[in-house]
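**Student:** From first to last, the protein sequence lines are chains W and A. Counting with my numbering, you get residues 13 to 414 for the letters of the first sequence. Counting with my numbering, you get residues 20 to 245 for the letters of the second sequence.
These are calculated hints, taken from the structure and not from any lab test. Please note that a few of the clues may not be correct.
To be verified - These stretches of chain A come out as covered by chain W in the derived footprint (C-beta under 8 Å, 3 or more residues): (1) 52 to 63; (2) 91 to 98; (3) 105 to 113.
Don't be surprised by glycine CBs; every beta carbon is placed ideally from N, CA and C.
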Amino acid sequence: MKFADTLLFASDSLRGSPTRTLLMMLAMSIGVAAVVVLTALGEGARLYVINQFASLGSNLVIVLPGRTETAGIGPGMLSGQTPREISLDDAQALLRSRAIKRIAPLTVGSSNISRDALNREVVILGSTSELLEVRHMVMGVGKFLPAGDIHESASVCVLGKTIKQELFGNAQAVGQWVRLGDRRFRVVGVMSSQGESMGFNTDEIVIVPVASAHQLFNTSGLFRILVEAKNRDYIEQAKKDSEEIMFQRHSGEKDVTVITQDAVVATFDRILTALTMAVGGIAAISLAVAGVLIMNVMLIAVAQRVKEIGLLKALGAPGKQIRMLFFAEAALLSTIGSMAGLALGYAGSMVIAHLYPSLPVSPPWWAVLAACVTALGTGILFSVWPARRAARLDPVAALAGR
Amino acid sequence: MIELKNVCRTFTVGDQQVAALRDINLRLDASEYISIMGPSGSGKSTLLNLLGLLDRPSSGTYLLDDGNVTDLSDEQQAGVRRDKIGFVFQSFHLVPRLTAAQNVELPMILAGIPAEERRARVEVLMQNYGLATRADHRPDQLSGGQRQRVAIARATVMKPSVLLADEPTGNLDRTTGWEVLKLLEGLMEQGITLVVVTHDAEIGARAKRQIHMLDGRILSDESPAK
């Protein structure tokens, strides 16, 4: 029997009982669609997180005060010491490394902001002009913090979009004065809206020079230093250099933690990929269920078509051929079912992407491939038993319908 | 040419051995017309199934066209059935979802004959059996006589050397039955050995050679001169 004829005969017999065929295809396609949609969601979440990190800046190394020990309690905590803080000079010293392109020191605090009668609490970010580049921020109106001596506490500030709206409405803000705590600052720029990024709503912050922030909060330590390496290849070097420089400046004590953003991203990447595979796997179970359904219905089909199988045997079809016919039916069912499932899954992903535009929903190719292969595999695997049963029927009994 | 030597067939029913055929010796020549008659339970259907390789003898030898087919594998036996044996059943056994033409084509599809040749052979047969206008009808749109003619066309499309008919007129009225029988008898001119199993003495009497069976034995085997 020719291959094309086998397929033709199988598709004929599938068309012979359309309801049964449609239901089996539905089961198959729901399974495939579930895999596609769920992995698309997982992959979307992964890409979302990675994009969030990328929007924080690229090739970043982050220096934070204190030593994070994997054992839980650091040595400082036992002796009752707080870790030595990172000073502005420490931050500037990092620029000695050839692997480091630029740095942006960060101080964070909150204060009152007021203009005339309007006032509210606001998160204040103290930094330098470099922050704009390092964090990939985008200006709306005006200029960012002016470049200059890191120790100079100029009375200028940059407002987040929401803050500007709340204080000034649609009026011009650049050039106007606002009061932060007990000091007056001149607004030099307004950020464009960048939405939420890693829990920080950049629209609701005010950025001032780091030295001014230190005066406002009466501190001298830095919350963080963002270090940008020259390029991807220098990230490790930048990390090592930062550790080395801080080690020397802190009199031979390793009291800072240096992490690379890559390491953080890689961790998130691994976690979320594992999560995606887990949901994909759960969805794949529904494919197995669809497979069992196919087996069930195929067994019924064999019982219903006993006479036809007997006839085929009398006409000279060996058991092998009859097995092939049932395999072909299962394969056709699975193929068409998974095609429909893919269409359904992609449509579902598009709907989700439409509802949550910030989530980059796209089914990963490996999941699509795995779904189709699993669908085909289960379809054929679960037809082995019915096909064998059909092939082993005794022709005399089968012809008599027994 | 068919030869059965000392063929027995026993079935196990419960814990009892039931002999359906006892020591059958039979020789059928090419172009012979044989009728096998006997009451139900006499073993005539079992004999037909054995001749058609649908069943295996418990002991004895079956020679078909001088080849021993007793111990062939299932697959080889299927090949022999396909190439040398045609079946006509009492209840037609047409595939309900296929058209008349597709039903006739079926054995050739199983044999892997190219589509053009299949179409040509189907067309000739449908013409010969007066089914040309019915080619695209499904079995449920055909009369009993037409269905049996489709079944005969299907049984002969592979040009078998033996045609086995089990009560071919059993589900037909008298007139249609005679027409179908004439069609079958006409096949002998093509060198086909025709074996008809029936319990209808009138139909059995038409065969040149008449075999009567009882209790799994051949009671009589005579060729009455006309």
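**Student:** How about the stretch 105 to 113 of chain A: do at least three of its residues have a C-beta closer than 8 Å to a C-beta of chain W?
**Tutor:** holds (count 3)
**Student:** With a C-beta cutoff of 8 Å, work out whether three or more residues of the stretch 91 to 98 of chain A approach chain W closely enough for the coverage to hold.
**Tutor:** With 4 residues close enough to chain W, the hint holds.
**Student:** Verify this for me: three or more residues of the stretch 52 to 63 of chain A with a beta carbon less than 8 Å from a beta carbon of chain W.
**Tutor:** Three-residue rule not met by the stretch 52 to 63 of chain A, so violated; n is 0.
Hint 1 alone, counting from the list given before, is not met by this structure.
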